[in-house]
Amino acid sequence: MAWNNVIKTFILSLVALTINSSLWANESAEGAHNEEKPFNVNEMIMHHIKDAHEWHLWGPEHGGTSIYLPILLMDGGLKVFSASHFYHGTPGYATLEKNDEQVSYMIGEGPAAGYAMYHEKIYKLENGELHFHGEHPSGAKPLDLSITKNVVFMFIVALVFLLIMFSTAKHFKKNGAVAPKGIAKFTEPLILFVRDDIAKANIGEKKYKKYVPYLLTIFFFILISNLLGLIPILGANLSGNIAVTLFLAVCTLIVTVLSGNKHYWAHIFATPGVPKALLPIMIPIELVGILTKPFALMVRLFANMTAGHIIILALVSIIFINKSASWGALSVPMALFISVLELLVAFLQAYLFAMLSALFIGAAVDEGHHEEHAHEAH
Amino acid sequence: MDLVLPDFGLLFWTALVFSILLILLAKFAWKPILGAVNEREQKITEALELAEKTKTEMKAMQSQNEALIQEARAERDAIVRDAKETATKMVEEAKNGAKLEAEKVMSNARDMINSEKAAAISELKNQVASFSLEIAEKIIRGEMSSDEKQKALAEKMAADVNLN
Numbered sequence: 001m002a003w004n005n006v007i008k009t010f011i012l013s014l015v016a017l018t019i020n021s022s023l024w025a026n027e028s029a030e031g032a033h034n035e036e037k038p039f040n041v042n043e044m045i046m047h048h049i050k051d052a053h054e055w056h057l058w059g060p061e062h063g064g065t066s067i068y069l070p071i072l073l074m075d076g077g078l079k080v081f082s083a084s085h086f087y088h089g090t091p092g093y094a095t096l097e098k099n100d101e102q103v104s105y106m107i108g109e110g111p112a113a114g115y116a117m118y119h120e121k122i123y124k125l126e127n128g129e130l131h132f133h134g135e136h137p138s139g140a141k142p143l144d145l146s147i148t149k150n151v152v153f154m155f156i157v158a159l160v161f162l163l164i165m166f167s168t169a170k171h172f173k174k175n176g177a178v179a180p181k182g183i184a185k186f187t188e189p190l191i192l193f194v195r196d197d198i199a200k201a202n203i204g205e206k207k208y209k210k211y212v213p214y215l216l217t218i219f220f221f222i223l224i225s226n227l228l229g230l231i232p233i234l235g236a237n238l239s240g241n242i243a244v245t246l247f248l249a250v251c252t253l254i255v256t257v258l259s260g261n262k263h264y265w266a267h268i269f270a271t272p273g274v275p276k277a278l279l280p281i282m283i284p285i286e287l288v289g290i291l292t293k294p295f296a297l298m299v300r301l302f303a304n305m306t307a308g309h310i311i312i313l314a315l316v317s318i319i320f321i322n323k324s325a326s327w328g329a330l331s332v333p334m335a336l337f338i339s340v341l342e343l344l345v346a347f348l349q350a351y352l353f354a355m356l357s358a359l360f361i362g363a364a365v366d367e368g369h370h371e372e373h374a375h376e377a378h
Numbered sequence: 001m002d003l004v005l006p007d008f009g010l011l012f013w014t015a016l017v018f019s020i021l022l023i024l025l026a027k028f029a030w031k032p033i034l035g036a037v038n039e040r041e042q043k044i045t046e047a048l049e050l051a052e053k054t055k056t057e058m059k060a061m062q063s064q065n066e067a068l069i070q071e072a073r074a075e076r077d078a079i080v081r082d083a084k085e086t087a088t089k090m091v092e093e094a095k096n097g098a099k100l101e102a103e104k105v106m107s108n109a110r111d112m113i114n115s116e117k118a119a120a121i122s123e124l125k126n127q128v129a130s131f132s133l134e135i136a137e138k139i140i141r142g143e144m145s146s147d148e149k150q151k152a153l154a155e156k157m158a159a160d161v162n163l164n
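Top to bottom, those sequences are chains A and B.
Each residue of the first sequence is one higher than the one before, counting from 1 in the numbering used here.
Each residue of the second sequence is one higher than the one before, counting from 1 in the numbering used here.
In short, the hints are calculated from the structure, not lab data.
Heads up, the beta-carbon is just placed ideally off N, CA and C, and yes, glycines get one too.
Be careful, since some hints might not be right.
In silico EDC-like pairs for lysine to aspartate or glutamate, Cα to Cα no more than 16 Å straight-line [said to hold, decoys possible]:
no.: 1; chain 1: A; residue 1: K141; chain 2: B; residue 2: D2
no.: 2; chain 1: B; residue 1: K31; chain 2: A; residue 2: E43
no.: 3; chain 1: A; residue 1: K209; chain 2: B; residue 2: D2
no.: 4; chain 1: A; residue 1: K121; chain 2: B; residue 2: D2
no.: 5; chain 1: A; residue 1: K50; chain 2: B; residue 2: D2
What the simulated footprint calls covered on chain B by chain A, stretch by stretch (three residues with Cβ under 8 Å from a Cβ of chain A suffice, anywhere in the stretch; the number is not a length) [to be verified]:
no.: 6; stretch: 2-8
no.: 7; stretch: 18-30
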């Protein structure tokens, strides 16, 4: 029963924080929309896995404790201001034509005047309000280069990454070619794993060297993002964001296409063993194939990481849906189990992304030994 | 739907951060780390090769030593055999010499004994002859001492002649 007590204490402290969380928050007076709403799991989870202009620490979504992040808008010159001008702005309301649902958005104040934020997206106001077309506002969007939660988290990831690798490099620079010590003891096996089992194994002895830095960077970037992303409050769903995985997949696409030798292109434009008459069908298929590979990379990482976050949040939500700490006895072990599983997934997805990237590069630089390789494989 | 639509701002920052990371790490981390690791692997390979070489050298040396020991052992055996042979020969020779000497001494002794015996025998013969003569003289004297006796003798002799 000690577990129940721990969970109760935890929940109580959360509640206490919720009550006292008016520190940074502006209690927007709209009681009708801010008072005790029923706990909406879907909204809570979506809010957690999506990007935001604030770093939500604790408390309710509106009126909790958050760090407001800077907003950068490119709209006839660069405009920089704090996101608090949206979060503490005036709420505006609109009714969706589709299902008569009432939605609220925040109209910016001060430097944010003329803009409104709806679901963390910034729109230009039209006559002081947003017009909705379908589910989304129809208004123009300024180019939003804001330092969002994911961007800040990415800076942290980059910093941690640099610190780890620079201290590893320092160890080798200082001691020369010796056995690893300290942080190098941890990073070296991973680096060697990427070099030998990912790069060398998939690209080939002769050409792998050129691609090792790229594969190392992509592997550790995903790995550190995945691992740090699992930390509650301090972590963001960076590697489960489609923009990030899109960029990484595009990188692999560019590297693959630029590395493609004549065998690779010959395979696409004159697939060996295919009659000439079929080429008009084969060429588009092969060209689409170039894109589907990185597309699969993008979706795989995005879906895996996002799904992991959703499952953990959903399991924790069981407690709040049932409004009883006793449910923690079920939800905490299950969330713990999934969290441990996510640690494995964090490594697995980093490995898969790097390994498949290496595989695609390997296919692009292969010296046309397809038959031989196929023969060896069987 | 928002979830699967990439946000341009984040895409921009990702591109920027990732590119900077790639450049910085490639130059200041991957290069020295991979360089050091390669160098170390080279060193280990060399050390292993050296060990292998030393091992074969040791083996060669060992077999050389073995051969040397074998040779020495054979030589020692030969020497011992020679010595044994010489010793046996010497003993044999000594034995033979002694035998010969003994035989010589024996034959000398035998000869001496024989000659002494012959001398003794001849002297005995002479003595016996002289004794016989004396006895015969005494007997004849006795026989001839009276006429009767002379007559008896003559008769006897005559009987002997008759018998013949």
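- Which of the stated hints cannot be reconciled with the structure, identified by number in ascending sequence? 2 and 3
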